[in-house]
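Those sequence lines, one after another, are chains B and D. Counting with the working numbering, you get residues -3 to 238 for the letters of the first sequence. Counting with the working numbering, you get residues 91 to 304 for the letters of the second sequence.
The hints are simulated quantities; they were obtained by calculation from the structure and are not laboratory data. Note that CB positions come from ideal geometry on N, CA and C, so glycine has one too. Fair warning: there could be bad hints in the mix.
Said to hold, decoys possible - Per the computed footprint, the stretches of chain B lying under chain D, defined by three or more beta-carbons under 8 Å from a beta-carbon of chain D, are:
hint: 1; region: 1 to 10
hint: 2; region: 18 to 28
Said to hold, decoys possible - Now the in silico label distances, taken between C-beta atoms and shown as ranges:
hint: 3; chain 1: D; residue 1: L142; chain 2: B; residue 2: D115; range: 46 to 56 Å
hint: 4; chain 1: D; residue 1: V285; chain 2: B; residue 2: A85; range: 52 to 62 Å
hint: 5; chain 1: D; residue 1: W292; chain 2: B; residue 2: D223; range: 50 to 60 Å
hint: 6; chain 1: B; residue 1: D86; chain 2: D; residue 2: A216; range: 48 to 58 Å
hint: 7; chain 1: B; residue 1: D223; chain 2: D; residue 2: G270; range: 26 to 36 Å
hint: 8; chain 1: B; residue 1: G194; chain 2: D; residue 2: L257; range: 33 to 43 Å
hint: 9; chain 1: B; residue 1: G195; chain 2: D; residue 2: G270; range: 45 to 55 Å
hint: 10; chain 1: D; residue 1: R295; chain 2: B; residue 2: G195; range: 41 to 51 Å
hint: 11; chain 1: D; residue 1: W292; chain 2: B; residue 2: G51; range: 38 to 48 Å
hint: 12; chain 1: D; residue 1: I169; chain 2: B; residue 2: S21; range: 18 to 28 Å
hint: 13; chain 1: D; residue 1: G212; chain 2: B; residue 2: T14; range: 41 to 51 Å
hint: 14; chain 1: D; residue 1: T255; chain 2: B; residue 2: D84; range: 21 to 31 Å
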Amino acid sequence: MRSFSNTYIFVFSLIMVTIVAVLLSFVSMSLKPRQLLNIETEKKDNILTTVGVTGEASGVDKNTFISDEFKKYITDSYCVDFNGDKLDADAFEVTLNLEEELRKPREERNYPLFVYTGDDGTKRYVVPVRGRGLWGPIWGYIALESDLNTIAGTVFDHEGETPGLGAQIATVEFEKQFDGKTIFNTEGQFVSVEVVKGGADPSDKHGVDAISGGTITSKGLQAMLMDCLGGYVAYFKELANN
Amino acid sequence: MSIEKEPLFSVKNLKLISEPLGQSNPITVQVLGICSALAITVKLKPSIVMALSVMAVLAVSNVVISLLRKMIPPRIRIIVELVVIATMVIMVDQVLKAYAYDISKQLSVFVGLIITNCILMGRLEAFAMGNKPWPSFLDALGNAAGYGIILIIVAFFRELLGSGTLLDMRVIPQAVYDAGYMDNGMMVLPPMALVVVGIIIWIQRSRRKNLIED
């Protein structure tokens, strides 16, 4: 076996990592726009799913299809602040960067809101939420009926929860449990929806079953709802009174 | 210098492709790459994409390492192999994210984990470091195909029996369900992949006695 000097090894390594770095930066830069488009499409698709718009793209590209559906059904989108006042910020932009938004104190955050108008004129309000699971971020979208109290639909997703345990939050069975639950109690106080270990009573309007073996993810989801939905309370009350 | 040139598809070269499909199959005989084989074989489509990804990564890495084999200092060869594999895997991952986003989400972490798939390091270390580029390329195709074919067989049975579909199309007619048939939920879980792989190994060994160890 030939022996190589230390200098050779150093030079070889240097050249190797430089080539690899240039190559990977190039690939990453050139594919970035398409990847971002995919992420946007996914978010739009999720928002549409919560309000019950689920269609398959036939004949056209999925990105165009979802984008068209989104324009058609999401008739308004804006941000509100903690005190319930409307803001100028673009709701979708804020949703894309929700992680950074949540680092701000609650009073300074922009709270994005999407308004859906169905073919029959029914209105629903979709709120993006984001929080922490066991291994990484979890996020989702909550659609509320026009009474701004009853949940019409939810979509949850996660980055790396354990398959079969925490990852169950992203299943239809789990998401369906939220339908018809309410986030305000009969006195009009904000109580959010709790994730109950051992199973929630079916008559409980503010509780759903937690996931066995996914306690930390379940708790994280509950905290996420409390934290994110909580910021809309002032605005919801105002809107419901008008 | 008149060394007779070996034809591109000599018997010896063809063996590089055919052997890993059968008697030196990376999964059933060498028992490498089992982790991903269990995790992503719930449905056919991700399995096919995974098999193709491994093939692309292995083919390019094998050729690159084979071309560089005389320049790579032996002391850092494992690091060099790892860098080449990792670069390829990241590229495949980025391409999937851009052009097959849904599948890339299903495969999630397992595309990244191709880096740790023992088949890759195994082939680079055992074959590409000591052979010319063309045989290395064939060796890569053979081994990736051997890996892929097991993935596809396992996924075929798991999707058919577990979800009643193939490539997401319903193949078991509704009438059968009406008659009381149910999808086997067990097939969707990873342990059943192990059982299916076990059955494949059993069938293979009962037909090729020379594979049986004491």
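(message) Which constraints among the numbered hints does this structure fail? Numbers only, ascending.
(response) 3, 7, 9, 13 and 14
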